[in-house]
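Q: Residues per chain, in single letters:
Number of protein chains: 2
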Amino acid sequence: MEEQKTDSRLEKELDNIYKTQKEVTVIGQIASLVDWDQKVSMPPEGIGDCSEKLALLGGLAHEKFTSKELKESIGYLSLPENFEKLSDKDKIVVKRLSKDVEKTTKLPLEFVEESSRATAQAHNAWEKAKKESNFSIFMPHLEEVVRLNQEQAKLIALPGHPYNSLLDGYEEGMTVDNLDKTFSFLGTELTRLLKTIQSTNVYKNQNEDLLKKRFSLKGQEKINKLVKELMLLSDDRTRMDVSTHPFTTTIGNKDVRITVRYIGNPLDSLGSVIHEGGHALYDLLLPEEFENTVVRNAPSLGMHESQSRFWENMIGKSESFWKHLYPVYKQTFKNQLKDTNLEDWLRLVNIVKPSFIRIEADELTYCMHVILRYEIEKCIIEGSIPVKDVPKVWGDKMQKMLGITPRNDAEGCLQDTHWSGGSIGYFPTYALGSIYAAQLYNQLLKEIPTIPQQIEQGLFHETVCWLEEKVHRHGRTLTAEETIKKACGEGLNPEAYIKYMEEKYSKIYKF
Amino acid sequence: MEEQKTDSRLEKELDNIYKTQKEVTVIGQIASLVDWDQKVSMPPEGIGDCSEKLALLGGLAHEKFTSKELKESIGYLSLPENFEKLSDKDKIVVKRLSKDVEKTTKLPLEFVEESSRATAQAHNAWEKAKKESNFSIFMPHLEEVVRLNQEQAKLIALPGHPYNSLLDGYEEGMTVDNLDKTFSFLGTELTRLLKTIQSTNVYKNQNEDLLKKRFSLKGQEKINKLVKELMLLSDDRTRMDVSTHPFTTTIGNKDVRITVRYIGNPLDSLGSVIHEGGHALYDLLLPEEFENTVVRNAPSLGMHESQSRFWENMIGKSESFWKHLYPVYKQTFKNQLKDTNLEDWLRLVNIVKPSFIRIEADELTYCMHVILRYEIEKCIIEGSIPVKDVPKVWGDKMQKMLGITPRNDAEGCLQDTHWSGGSIGYFPTYALGSIYAAQLYNQLLKEIPTIPQQIEQGLFHETVCWLEEKVHRHGRTLTAEETIKKACGEGLNPEAYIKYMEEKYSKIYKF
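Residue numbers (my numbering), protein chains in the order written: chain A, 698 to 1208; chain B, 698 to 1208.
Hints in this document: simulated from the structure, not taken from any laboratory.
Be a bit skeptical, because a hint or two may be false.
Derived pair list, reagent style DSSO-like, types lysine-lysine, alpha-carbon separation capped at 30 Å [as the list claims (entries may be wrong)]:
# : chain 1 : residue 1 : chain 2 : residue 2
1 : B       : 1167      : B       : 1143
2 : B       : 922       : A       : 922
3 : B       : 1196      : B       : 951
4 : B       : 716       : A       : 719
Turn these sequences into a full structure, and let the hints guide you.
A: Below is the structure:
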């Protein structure tokens, strides 16, 4: 009798946590739609009402996620005598949910609202500052953002460096200690590789002028659609639109959308399709059995980024990919490519050239931008660099790492929107994603050596399935570290990344 | 002191009703976006999650709109001693809100949810039935919809005919007594006019073959964009997309979107732009001071429809409109129109020809479709016609009114989606809108006789301003009857409509 009573209570509390997660998931998807609409379709004057919509949805989700009822259900289900009765599925859901709720609860609603207001203002100031290339317009807002992040770090209060508490929001379990080690190795090795490349004859004679020709929008769109199809992103579950900054968003379990930008360079728009396509595949192939729970998610942003990087770099810049696509490319852009061959084109796709803007950086120097940003973020959070010195430090570091100095703030510390959105601790995930991607690629080639031949024939199916099997289908049942270990037999390993780089560029730059 | 206490309570309750109305408005706008997205952009497999979104938003809005707190605030503010202290603005808001909440409360959440489930099924069955042109597939669902509407009528419980309680949901204050009188006059007069027209030589020699030529999509789009601009629908606050059934939706106070369909006939797509454009102008020009309250709305669907009809028929089919547009048309569709002139074209635009499908009907016979549907709806709600007899009754009535008999259910009683969506009592508003539109047009010409010359020059500004002044800006501060009385000096008057028709068609059909 007693037993039965407990079981029915167990049922009730389980129902409650699943019901609430579903509500919060649906609210989140609605917010994604509002955000997508703002960036893709909204008439400009709709912006005011759009903010109202997002504020209302944000408040609702926070309310439901921090409700007394939910906490009581989690509390009950987490008691050892109840927890042991749960199925494996319920156990992992309770475990992840419990941590998420605990973390959300650490940030009082007032603090969240204060941050929202501050970042709304910071975003406007940043846009103006960037346009006028004037850091001083953004400076007081960045100071406020830093202050709020410092406060947030105190509220989250993880052990060690205060930056750990911020990092954990994007890359669960990652720490400054770990990053310092990883990035110090990565930075040294990338610098060495860059110097080697820069000393080659190929580098000295390289020339990008071809990409400055006019590649028609229509031609680019045709190619991009084709590549989206190759990646098995069917129109039944996805769509592709145009926006200022490319992004991927999940509007429903079977409705994931990507956007692309067209700025002239056809490799830019193609790169965004493949990159965002990698993100989209992840969200589409997350485990169905965990639909509408916190587990139907990637374990970290770094792991999510590993998929976009994998497709963008390991596949989209590979010889086999271009063996397949180049004929279509050449046919579509006859005039532009009339004096070029596959080998030249591949060198252009993989050109290494230090530049100011992270999102336009080549595969090799990309991570150096990330390391630079990480070092600065860590210091402004711990207070060892005042915000006002950021442009100066930025310039010095860039000179040291890449041998170039930004001519102004717009192409220096104002280039990215993350800080203006209140995000500090996000950047490292870009580099972690690149490392994971290289590890996965090495492993894939080891397990299925015919992948390059498949890609060359335009057959992407086995690659997608392998990634689903090794990464996507785990959702958050595993952590990022567990996922990569299970897939590749070892945890995060920057050496594998450097090895991949070395092999790749030694061929292209002939060293 | 006592006075002060009352005043601060008054403030508090006012704050609460405005806060809640804003939340409900924003939730409604979010639901409109979800619905728009479903019809315009959503990948097909998103449909399941889309229903979840709408269900969640519907539940939230119902919850907030029927909350104890809101009712208490309204109750307090409605007490005579408090009400008299309110500003005129607050008074009308409290009055309308009070009635809306009372009405919503009459329908228990379980009933609303039961109806939702029933209509979701009915809609699927209707789609299948229409596709197979087989009423028996839809019949049991229609019976259920009728039963639910009968129950709803009992719950709303307005005096007189049970249909009154349904009607009131679309056309506040309208009754069966009033409609019977209006529609009986209208039906007789329209039948007479139709017979007169059918006896003319122009009618006997008319021919629509020209519209069966191929009019390019690109050409139609160009014209439609131009007309949207003429109507002062700026891209800053509106957009125009393609959907299966044209519609207008309000996503924000400054974000109103229309859709258009392309089925070949260029007058069909143009008609939908102008029709939906009329709806869009209404929503854009509603009184700003009532933003985020129940008063920033049209007083009835009939009044809303008056605006779409006004633009579609009175303007969009007028000689002056085509004097302006025909040259562009002729230039865009050179080959198609090479043997036609403005006079012939205008006759084609205004052709009268009994047909089966309401939404494709000409201006004259359109209201006869509505009357037919009204008569059947009234009888199935009072129970004097069983649902199974609907196809037979439909055929008989259509033969009697229009002299034609549908060959099957698809072009008969299955043609429209309203019943499958649970709506009974909606149709009459289409005819009421046509009557209001004619009254407003007569009045406009009386007050500003130069309007036709302005339209001919492509100047729509004064017409838009007049409609804003006479209709839109009142929102729901006035009822539909009050609005038309204030604008035209008299209430709903079908005679004015017949007079407008008589004048128009006697010119075209030379009688």
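Q: Give a verdict on every hint.
A: Hint by hint, here is what the structure shows:
1. 1167(B) <-> 1143(B): holds, 14 Å
2. 922(B) <-> 922(A): At roughly 27 Å apart (the allowed maximum being 30 Å), residue 922(A) and residue 922(B) satisfy the hint.
3. 1196(B) <-> 951(B): violated, 37 Å
4. 716(B) <-> 719(A): holds, 26 Å
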